[in-house]
Amino acid sequence: MEAIYQYAWLVPVLPLVGAMLVGLGLISFNQVTNRARQLNAVFVVSLLGAAMFLSVALLVSQFQGHAPYIRTLEWAAAGNFHLTMGYTIDHLTALMLVIVTTVAFLVMVYTDGYMAHDPGYVRFYAYLSLFSSSMLGLVVSPNIVQIYIFWELVGMCSYLLVGFWYDRQAAADACQKAFVTNRVGDFGLLLGILGLYWATGSFEFEAIGDRLQILVETGSLSGLLAGLFAILVFLGPVAKSAQFPLHVWLPDAMEGPTPISALIHAATMVAAGVFLIARMYPVFEGIPAAMNVIAFTGAFTAFLGATIAITQNDIKKGLAYSTISQLGYMVMAMGVGAYSAGLFHLMTHAYFKAMLFLGSGSVIHGMEAVVGHDPALAQDMRMMGGLRKFMPITAITFLIGTLAISGIPPFAGFWSKDEILGSAFAANPFLWFVGWATAGITAFYMFRMYFSTFEGKFRGNQSEIRQKLKSAAANTLMSPSPLAPNFGPGAMDTRELAALSDDSHGHGHSEHPHESPRTMTLPLIALAIPSILIGLVGTPYANYFEEFIYPPSETLAEVMEKVAEFDQTEFFIMAGSSVGISLIGITLASLMYLFGKIDPAAIASSIKPLYELSLNKWYFDDIYHRFFVLGSRRLARQVMEVDYRVVDGAVNLTGFFTLISGEGLKYLENGRAQFYALIVFGAVLGLVIVFGVT
Amino acid sequence: MNTANFPWLTTIILLPIAASLLIPFLPDKDGKTVRWYSLVVGLIDFALIVWTFYSQYDFTNPNLQLVESYPWVPQLDLNWSVGVDGLSMPLVILTGFITTLAMLAAWPVTLKPRLFYFLMLAMYGGQIAVFAVQDLLLFFLVWELELIPVYLLLAIWGGKKRQYAATKFILYTAGGSLFILVAALTMAFYGNTVTFDMRAIAAKDYALNFQLWVYAAFLIAYAVKLPIFPLHTWLPDAHGEATAPVHMLLAGILLKMGGYALIRMNAGMLPDAHAYFAPVLVILGVVNIIYAALTSFAQRNLKRKIAYSSISHMGFVVIGIASFTDLGLNGAILQMISHGMIGASLFFLVGATYDRTHTLMLDEMGGVGQKMRKMFAMWTTCAMASLALPGMSGFVAELMVFVGFANSDAYSPTFKIIIVFLMAVGVILTPIYLLSMLREIFYGPENKELVSHEALIDAEPREVFIIACLLVPIIGIGLYPKILTQVYDATTIQLTERLRDSVPTLVSQEVPTLSFRAPAISNK
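For the protein sequence lines, the chains are A and B, in the order given. Residue numbers for the first sequence follow the numbering used here, so the first one is 26 and each next one is one higher. Residue numbers for the second sequence follow the numbering used here, so the first one is 679 and each next one is one higher.
It should be emphasised that the hints constitute simulated quantities derived from the structure, not laboratory data. Take these hints with a grain of salt, some might be off.
To be verified - Not the full set, but computed from the structure, chain A residues with beta-carbon under 8 Å of chain B:
{"id": "1", "residue": "Phe54"}
{"id": "2", "residue": "Val57"}
{"id": "3", "residue": "Ala61"}
{"id": "4", "residue": "Trp100"}
{"id": "5", "residue": "Ile174"}
{"id": "6", "residue": "Met181"}
{"id": "7", "residue": "Val205"}
{"id": "8", "residue": "Leu215"}
{"id": "9", "residue": "Glu229"}
{"id": "10", "residue": "Leu638"}
{"id": "11", "residue": "Leu640"}
{"id": "12", "residue": "Ala661"}
Stated by the list, open to error - Taking beta-carbon pairs under 7 Å as the criterion, some of the chain B residues facing chain A (in silico):
{"id": "13", "residue": "Tyr735"}
{"id": "14", "residue": "Glu746"}
{"id": "15", "residue": "Ser747"}
{"id": "16", "residue": "Tyr748"}
{"id": "17", "residue": "Pro752"}
{"id": "18", "residue": "Lys838"}
{"id": "19", "residue": "Leu972"}
{"id": "20", "residue": "Leu1005"}
{"id": "21", "residue": "Gln1048"}
{"id": "22", "residue": "Leu1067"}
{"id": "23", "residue": "Pro1109"}
{"id": "24", "residue": "Asn1125"}
{"id": "25", "residue": "Pro1159"}
{"id": "26", "residue": "Ala1168"}
{"id": "27", "residue": "Ile1171"}
The beta-carbon is built from N, C-alpha and C at its ideal position, and this holds for glycine as well.
Given these sequences and hints, build the entire structure.
See below:
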């Protein structure tokens, strides 16, 4: 068994090798590599497959009780400072490895169908492989600096993949927004790491936690400062896991191809924030203020995401807000001390949300056959409807995912969400209430999505809706961007014309959508299985999950004791109430979007301010744009002006330079400067030689 | 032949200079022989550098090695004295590496090739001499001599405002070097013995007041070169007008002379004054980082944007020097090496892009990535390196400066918290300007006007090769920084020890406390 641990470093390295070889091929022999499309794909996928098998073997070995394994080598040193890098395999890592590799494997298989006609097919595989490698490197990190390194690398991969279709303006803006927003989080994370290192002299998770505890207890470090460091570290997860107030990048990141939305922006990278909180749990645990900040941030984000998701018409954006909301649940769980519940939800969510995203990709793929490659049309649910008849496999798997996320037993989401709500209730009933209400909203918007996509009549051929959506998209294109030239009132932006008539590459060739190819449906089916069943490993009756994943500060015996305390009545009350509110949400959704008994438009107009608030995403984007984007641009321009006029001017005119810069500069500038310089050069040279000879 | 006593360093310095003198006599009709000749000379010299250090240099010895000293002008007590330690040795290698690549980058230069390559080879030797000489008067001479080729390279092969830029460059740097001369002379004549030997000068015991004055004089000279705010404004002008190969030298090597001299002279020879000036340096460094990053963000001219990004990155060097820790100083040196390569690669790419678009204004570009895929990939990689992406050398360097400064016990916690916070703001600003730049050049729909009259040809193999050469060490150091830091670690430890001895109020704080007091150094 020892051998698999010695070679565990292969798990992140194998995909890296794949990415490097394919990438080198693309740069050196572009045409040859691009022509051998599926050969590259098979190569990349099989390397990841090997990593997946190794990960499963590691998980099995850990489950059988193998001791945690750690291996490091010295990476950087200066004087008495030593920094090591390496890998560690423990319960949490083994679990994450399996989640990441399985989802990545299925997404890669799916990609073959989804990107079949894309000219960037091979490049996409190279990026996917690079991302998988970085993500796997992140989860095996034995210290926080290594986490930070891979943390940035997954961010870079996300940047490359969101901007994959770089000729689209929206993608170009989105990838930059994603990177910069994440850098704001990394800024906090970096400061937090530095602060903790300064205080404790260590980068190891448990050593930091233990020493920090001692320092605070002995009074040598003020509790305020310790709390500040912990919250700074938490800023990292806030950005990466798209928590309020840094959640704004995730919905925009949907500009990337759908497979990466499933892999990066639903299952793995955004969950890295939760993973980091879990890793830093020894630090957070001892600081109640930080735990409260985490819990309330999570709860608020869960609510925020759900309320925005209600009004989204873009199927991917809707799912993105749902992801934000679900990540909020996980973060809240961490904050209330429900360590294993949060990670349990991370796992179940990874599977069902990846499936939902891949399902939405399948829908988009099908819709493109009708409306063409225009994201404004192919992703809009107003153009869909009745797709179940055309794409039954997608519909069934999507329904499974919808039931799972809505928390209907026995689907996966029910068990994990219920465990979180139970712990939240024990910690703070208000948090429970927010989570409970959010569960109802979740069920409502997810079924709204399901019904308007798969049920009813197909609306994709109604040209008036199409026209309306197109001009709406053209309007957003024209939205006042500060860099774009201003058009006078009434002036026609030429882009509007282009948007309206741009059917050259777009018009569909068929009357109705079709089911996706097998490479796309097979991963959906494969993901449906864990979405239904995986929750069963963590039922309160036999909680294998909790026996495997528990906080580093607790022992197995303590955990077993807690599990044994399980109270059936309490469980029924909690579960009953959350299932109840979900059912209410589903009923409402079906009345509005399936049977048409209630007109959603009427409700929207009766609570217009709230509707507008949700539709405009609580105005976060507008506020940020005005204050941060425009503000920083203005500040930068002012600094440049100062540099140009004041600093340059002042230094040019002071002291020594005043003598020359008047008449002298003029003299030098009129072409004799070279001559002058040559004279100086010659004189110095001559002097040296003369002295040297004598 | 006894390899140990052979004058290796002198040979390394004089080989390119001697070779440059032969250029006028080369039979060359189409300008192609000269460039091959220069490239081969550059390669031979680089190989010689690598081989010499590989076989003759001992990493564990912190002192000067490969020392040679010959009396040159006895009347002036001027000695040809050269030697390398951990501080100068990596910079000599960097010089050989970047200059050789710059000659390959200069392939398309057709105007007066003989003079151009003559100057390039002269620069080659002159730059190495700056890092290797161990005589203060000689240092001043080579420092001055190396300005002349740069001046001519700017003034003849530059852009439209080349005369202005070249003049400004020469005025600033020549003005700065006057301070070097004055300071060097006063130091040499201080005390009972008159000497220009750097080690002897460093060993003298100066009065504090004297040290402060000399320190300030040196600081002005090197602040121009590095550059440090507010003496930086020559750089965007010079960079805005230079051609790509000259650019690579300016950003890759010339700026590093400032950092090198700051460590060698200010910190190494005047440690007591350094203790007084260090907080000033730290503040200037932070101003550099933030101020230049903001200015870079506002620039619409690609070259000036990158030029300001160089200034911003140099801020980390200054802070590292003033950190009083091994780690911070190590980081400062690493940042110099790392930026030498990253800056050179970015400026090379700017030149290569200009060859195709014939404009440097970002407003006139856009969507270029669709035609120039390889260029796009190289730009993205180098921009990522510049924004300190982990896995590349810039990250390691900045991280070392961060950790080094944050753990420095020479400053009070409050001061450190503020400075580290502001440095970290720079970490947010860097991707903003670099990624907006990428977005405006490559992303989005194609700029119809640009595409209509410029043939955007993708990168040719020579260009890919140059970038690949630069990326190999950038990524190599990023993956395993110890490969480079162990080379100079011994020297920095020795230097830091000396610096720390001169900080009288230094208290070893085992357990940090949050107390509100001014920097320990400044209120002794």
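Query raised in the report: Which earlier hints turn out false for this structure, listed by number in ascending order?
Result: 1, 2, 3, 9, 10, 11, 13, 14, 15, 16, 17, 18, 24, 26
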